[in-house]
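Going line by line, the protein sequences match chains X and R. Just so we're aligned, residue 1 is where the first sequence starts under the working numbering, counting upward by one. Just so we're aligned, residue 223 is where the second sequence starts under the working numbering, counting upward by one.
Hints listed in this document are in silico derivations from the structure and should not be mistaken for laboratory results. Worth double-checking, as some hints may not be accurate.
Taking lysine-lysine and the DSS-like style, the derived pairs with C-alpha atoms no more than 27 Å apart in a straight line are [what the hints assert, rightly or not]:
no., chain 1, residue 1, chain 2, residue 2
1, R, K398, R, K441
2, R, K501, R, K390
3, R, K310, R, K259
4, R, K467, R, K441
5, X, K41, R, K312
6, R, K396, R, K461
7, R, K462, R, K501
8, R, K441, R, K479
9, R, K477, R, K521
10, R, K312, R, K246
11, X, K41, R, K310
12, R, K413, R, K526
13, X, K30, R, K441
14, R, K346, X, K98
15, R, K346, X, K41
16, R, K350, X, K98
17, R, K346, R, K312
18, X, K30, X, K194
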Amino acid sequence: MRKLKGRVMKQQNKIACDILNEIFNVSIGKAADMLSQILHKTIRLRVPNVILLSGKERLSRKNKDSSLKLPDGTLMVSTISFSDALEGKANLVFPADKMHDFIYLCTGEQPVSFPNQSDFTDIDFDIINEIGNIVLNSIIGEMGNSLGITLSYSLPEVQIYNQSIDFSHDIESEECKSVLMLSVSFTIEQTEIKGTIFIDLTSASSEELFHLLSRIEGEFFG
Amino acid sequence: MDNNYFAVMDNLNQGILILNANYKITYANMMFSKIVKTESPDLLDRSILAVLPGFNTNYLRNAFSAALHKNYHFFFSAVLHQEIIPGKAKFNIRISNLSDVGEPYLLLEFQDVTSEYERIAQLKSNIKQLCLLNHELIDKEKQIQRLAYYDTLTGIANRTLFYELAKKMAQTSKRKDEMFCLMFIDIDRFKCINDTYGHEVGDQVLKCAANIFTNSVRKSDIVARYGGDEFLILLPDIKKEENCKIVISKIKSAKTKTVTCHGHEIPLSFSIGVSFYPKDGSNIDQLIVTADHSMYRVKNQSRKNTPEDSWPVADWQTEKDCLNKGPHELQT
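Please model the entire structure based on the sequences and the hints provided.
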C-alpha cells in the first residue's frame, strides 16, 4: 500500500514538474526577449528541466547525486522574495568564475583581471542584479499568471557565497521545506553560460502550489 | 501628502518621481528636478516619456505596465541604461508599484552612482597598471633566472645549471642502474682564431659551435658551456658505448660548420673526449676529468699529425681512426 502511494506521489510530482516546465519555458522566453532588447544582442534562455526536491533530498556541494550537487567554488546568487498567495524566495545561481565572462558579454567592456576570481565591482553587482531581476520576475510572475494567483515581490539582492558561507543552508531554512530546482542555460551570441534557479517554498506554499497544479492538470485532462 | 513628507522627500539624495496610471508625473522631488534641470511645478502632469524620452522603449514601457498591473519591481542599472538620462551623470533606476495608496501609482527612484563609477574606473586603471608591473617583474625574474643558469653569449646551459642537472642525472642513473655518457668538447685552435680575427669572430665561433652541438643531440640531452671554448654534453640513458658515435657523427656532418669573416670562411673542428657513468667515474667531477684527459690526448695526437702551416684547414679524422686510438678519444 505504501509502495503504491509512493508511486502515485512520484507520478504526481512528475506531472507537476512537466506543467511547471511548460510555464517556465514560456516565461523564460519573455525574459530572453527583454534582455535581448536591453543588451542589443541575441539572447536565448532555456529551462531544460525542473526537479522538485523535498523531504530527505538535500542540496549540497558534496552530494553524490549530480542532479542535487551544487556547483563547486564561489557562487553568485541573485534573489527575490515573494509573498501573498505563495511565499518563498527565488534564487538565480551562477558559478562566480563564469560571471566575469558573462558581464563582459553584457557590457562589451574588457574585464579587469582581479587577483581573486570572486572579486566583483559594484557595477558588476548591478548588472547581475538587473538580469536576475528580469529572469526571476518572469519566472515567478508567469507562474502566478498561469496559476491565477496574485503575488507581491521584493527588489532583488545579489550575494556571493563561498565554501565557508554555504548557500544550501540559506535556501533550506526551517520555514522553507520544498525546493524547485530549474537548470537554466543562457546563450549570449555564441557563448553558453549555465546556471540554476532555486525556488524555495514554505510547506504551506508547496502544498498550495500542488493543489493549484492539480487543478490545471484536471482542467487539461477534462 | 503632508508638507512634512514633501520636505523629507526634497532632502533625499536620490531623485523621486511618482507617476499615475497614464505615466504622468504627479510628484517630483528637488533632486529629480536637478537631474532633469527643470523646476518641479513645470514637471507636473507631464508624461515621463516627454520629460525623459530615453524611457520610450518597448521594454521600458512593458516594465512600467508590469510594475503597475502585476506588482513587479524593476531595477535598471546605469551601466546598461546610460541612454535614459542624458549627460555624464549615471543613475541606477528602481521602479515599483505604490498600490498601498489606493489608486495605482508608480514610484521611480533615481540613485546617483556617478562617483562610484568614477572610483571603479580609477580602480580598474590602477589594477591594469599593477598587472603591467607584475608582468614586467615576471619578465625580469625570468631574465635573472636566465642569467643565473644560461650562458648569455650562446644561450645554452652554463656550468651552474650543468652541475645541477648532471647531479640529478647521476642519481637517476644510479637508481635505475643506467649508463650515461659525458662528452668534453674543445674548439680546435680557438685561441688562434681569436688572435687572428678578433674576439667578435671568436664569439661567432662559440655561438656556431653551440648551435652545432644543440642540433646534434636529442631533446633530453644536455649541452652546456663549461667555460672559454670548452663545452660539455650529457647523454642520458644510453644502452651501449657505441651509441655516442651517432652524436659525434652528427657534429662532424653539421652543414654550417664554418664562420664567415671579411670574405674568409673559417672552418671549425672539435676535439672530443668521452667518459661513461658508472665505468669511468661514480660522480660528475670524476667523469669530467676522465673526458677532459681523453680530449687532450686526441688534441695532442691531432697536432702531431697536422703541419702547423696547414691551418686553418680542418683536420678531420674518422670515428674509426679515433676509436682505434683509445676507447674514449675522438676528434671531429
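Hint check results:
1. K398(R) x K441(R): 20 Å, holds
2. K501(R) x K390(R): 18 Å, holds
3. K310(R) x K259(R): 14 Å, holds
4. K467(R) x K441(R): Holds, at roughly 17 Å.
5. K41(X) x K312(R): The hint holds at about 22 Å.
6. K396(R) x K461(R): 14 Å, holds
7. K462(R) x K501(R): 12 Å, holds
8. K441(R) x K479(R): Within the cut-off at roughly 21 Å; holds.
9. K477(R) x K521(R): 23 Å, holds
10. K312(R) x K246(R): 23 Å, holds
11. K41(X) x K310(R): 24 Å, holds
12. K413(R) x K526(R): 18 Å, holds
13. K30(X) x K441(R): 60 Å, violated
14. K346(R) x K98(X): It holds: about 19 Å lies between the C-alpha atoms, which stays within 27 Å.
15. K346(R) x K41(X): Holds, because 25 Å separates the two Cα atoms, which is no more than 27 Å.
16. K350(R) x K98(X): 20 Å, holds
17. K346(R) x K312(R): With a Cα-Cα distance of about 18 Å, the restraint between K346(R) and K312(R) holds, given a limit of 27 Å.
18. K30(X) x K194(X): 18 Å, holds
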